[in-house]
Amino acid sequence: MISTVVLSTGLALILIGVWGMLTHRNILRIVIGFSLMGTGTHIFIVAIGYVANGTAPIMDRALNVAEAPARAVDPIPSALVVTAIVIGLAVTAIMLAYAIRLYDSKKTLSIDAFTESKW
Amino acid sequence: MIRRAAIVLAVALFGLVFANLAAHYAERQSLLPLAKRYVELVPRDLGAANVITGILLTYRAFDTLGEVAVLFMVAAGVGLVLAARGRRNESSPGEAPEPPRPASEIVQTGAQMLVPLIAIFAAYIIMNGHLSAGGGFQGGAVIASSVILLLLADPHRRLDLDFLSYTESVAGVLFVLVGVAGMIVAGGFLDNRVLPVGQFGAFFSAGAIPVLSILLGIKVGCELSVIIDRFRPELSTERGSQ
Numbered sequence: 018m019i020s021t022v023v024l025s026t027g028l029a030l031i032l033i034g035v036w037g038m039l040t041h042r043n044i045l046r047i048v049i050g051f052s053l054m055g056t057g058t059h060i061f062i063v064a065i066g067y068v069a070n071g072t073a074p075i076m077d078r079a080l081n082v083a084e085a086p087a088r089a090v091d092p093i094p095s096a097l098v099v100t101a102i103v104i105g106l107a108v109t110a111i112m113l114a115y116a117i118r119l120y121d122s123k124k125t126l127s128i129d130a131f132t133e134s135k136w
Numbered sequence: 063m064i065r066r067a068a069i070v071l072a073v074a075l076f077g078l079v080f081a082n083l084a085a086h087y088a089e090r091q092s093l094l095p096l097a098k099r100y101v102e103l104v105p106r107d108l109g110a111a112n113v114i115t116g117i118l119l120t121y122r123a124f125d126t127l128g129e130v131a132v133l134f135m136v137a138a139g140v141g142l143v144l145a146a147r148g149r150r151n152e153s154s155p156g157e158a159p160e161p162p163r164p165a166s167e168i169v170q171t172g173a174q175m176l177v178p179l180i181a182i183f184a185a186y187i188i189m190n191g192h193l194s195a196g197g198g199f200q201g202g203a204v205i206a207s208s209v210i211l212l213l214l215a216d217p218h219r220r221l222d223l224d225f226l227s228y229t230e231s232v233a234g235v236l237f238v239l240v241g242v243a244g245m246i247v248a249g250g251f252l253d254n255r256v257l258p259v260g261q262f263g264a265f266f267s268a269g270a271i272p273v274l275s276i277l278l279g280i281k282v283g284c285e286l287s288v289i290i291d292r293f294r295p296e297l298s299t300e301r302g303s304q
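In the order they appear, the protein sequences are chains Z and D. Counted the way the working numbering counts, the first sequence spans residues 18 to 136. Counted the way the working numbering counts, the second sequence spans residues 63 to 304.
For the record, the hints were derived by calculation from the structure and aren't laboratory data. This one's a predicted model, so the numbers in the text were calculated from it and none came from an experiment. Beta carbons: idealized from backbone N, C-alpha and C, even for Gly. Incorrect hints may have been included.
To be verified - Partial selection, computed: residues in chain D whose CB lies under 10 Å from chain Z:
#, residue
1, Ala137
2, Val140
3, Ser194
Stated by the list, open to error - Ranges of calculated distance between the beta carbons of each label pair, as one might list FRET restraints:
#, chain 1, residue 1, chain 2, residue 2, range
4, D, Val169, Z, Ile19, 36 to 42 Å
5, D, Glu167, Z, Arg88, 48 to 54 Å
6, Z, Ile19, D, Phe76, 22 to 28 Å
7, Z, Arg88, D, Ala185, 29 to 35 Å
8, Z, Val22, D, Ala185, 31 to 37 Å
9, Z, Glu133, D, Ala81, 35 to 41 Å
10, Z, Leu45, D, Leu142, 19 to 25 Å
11, Z, Ser122, D, Glu89, 47 to 53 Å
12, D, Tyr87, Z, Lys135, 36 to 42 Å
Please build the complete structure, drawing on both the sequences and the hints.
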């Protein structure tokens with residue numbers, strides 16, 4: 018149940034991100050839409066790893082080693098998402114760097130001003 | 063109008079696919095075989111209480127190494143993209159960027175009080191990566207947040223980029239050396255059992271995982287600090303004039 022809720026939240030965030038990227042003309046807003054889409058994907062991946070009534074795969078007083086395989090959630094999606102977050106940060110940094118350069122060339126952040134590569 | 067209709071159609075079709083996905087998703091009742099194996103093996107063989115850290119820093123540590131390489135390339139790439147800006151600005155003077163406004167007293171005092179605390183918190187996160195939620199990447203990001211606060215409080219402060227890049231390189235080389243040591247004395251590249259696994263759940267346990275966490279935290283913190291610094295306008299013009 019709870020994973021369906023989280024999964025739907027992630028998918029809704031992806032949709033909002035796609036919508037934002039397609040409708041807005043400001044490059045910074047497009048970058049924000051892209052980040053929203055990325056965050057939605059992360060939430061989606063984490064939700065897929067949830068096992069019914071599971072808990073975080075960290076052994077402590079609440080979860081001893083013997084019962085962990087029966088009670089822990091899937092650690093692999095979580096480990097993948099750590100990777101994905103870092104790559105998302107990297108892509109965002111590069112996009113923002115290019116946004117700065119584009120602003121320098123036209124003194125505007127509106128994507129309508131950049132018609133050279135438009136077909 | 064046609065554009066807007068096309069956007070609505072595209073988003074609606076995406077929504078249809080996603081709605082189908084969400085409606086037919088059945089919550090998993092048990093772990094997949096691979097995940098089960100990881101949950102069993104990480105505490106038993108690696109001695110790490112946090113299974114995710116065990117996967118990230120031993121089983122999939124090679125991926126982590128590649129990921130750090132991506133971060134390094136981004137730091138270099140952002141520098142490349144934004145360094146040309148500095149030279150261009152210098153060739154066309156007249157519109158020099160206005161000097162940043164000094165930070166208010168609240169921000170300055172807050173930074174003085176918070177930066178040491180944030181640094182301690184980052185060290186805590188990094189050192190507890192094998193025991194509870196945390197690890198090198200997260201701690202490195204926290205270090206970088208303290209650098210942002212420092213730069214907000216004092217916009218004229220210049221980061222020692224040479225120090226950052228040397229520290230980062232040394233951390234990267236040590237990371238690879240620990241990995242090679244794993245090939246020689248343990249099971250393979252980046253095997254954490256080059257150091258004794260120790261008592262399960264103790265602060266010094268899980269073999270080389272805490273060491274790798276520290277190196278990763280230092281490396282990520284330095285790389286993110288360099289990326290943050292590259293985005294500051296006045297420094298890139300100085301670099302261009304050098």
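Cross-check of the supplied hints:
1. Ala137: 8 Å, holds
2. Val140: Because about 5 Å separates Val140 (chain D) from the closest Cβ in chain Z, which is inside the 10 Å limit, the hint holds.
3. Ser194: Since the shortest Cβ distance to chain Z is 6 Å, the answer is holds.
4. D:Val169 with Z:Ile19: 36 to 42 Å: Check passed, 40 Å falls within 36 to 42 Å.
5. D:Glu167 with Z:Arg88: 48 to 54 Å: 51 Å Cβ-Cβ, so the 48 to 54 Å window holds.
6. Z:Ile19 with D:Phe76: 22 to 28 Å: For Phe76 (chain D) against Ile19 (chain Z), whose Cβ atoms are near 24 Å apart, the range 22 to 28 Å holds.
7. Z:Arg88 with D:Ala185: 29 to 35 Å: 31 Å, holds
8. Z:Val22 with D:Ala185: 31 to 37 Å: For Val22 (chain Z) and Ala185 (chain D) the Cβ distance comes to about 36 Å; the hint holds.
9. Z:Glu133 with D:Ala81: 35 to 41 Å: 39 Å, holds
10. Z:Leu45 with D:Leu142: 19 to 25 Å: With Cβ atoms ~21 Å apart, the hint holds.
11. Z:Ser122 with D:Glu89: 47 to 53 Å: 50 Å, holds
12. D:Tyr87 with Z:Lys135: 36 to 42 Å: Holds - the Cβ-Cβ distance for Tyr87 (chain D) and Lys135 (chain Z), about 40 Å, lies within 36 to 42 Å.
Violated hints are absent here; each numbered hint is respected by the structure.
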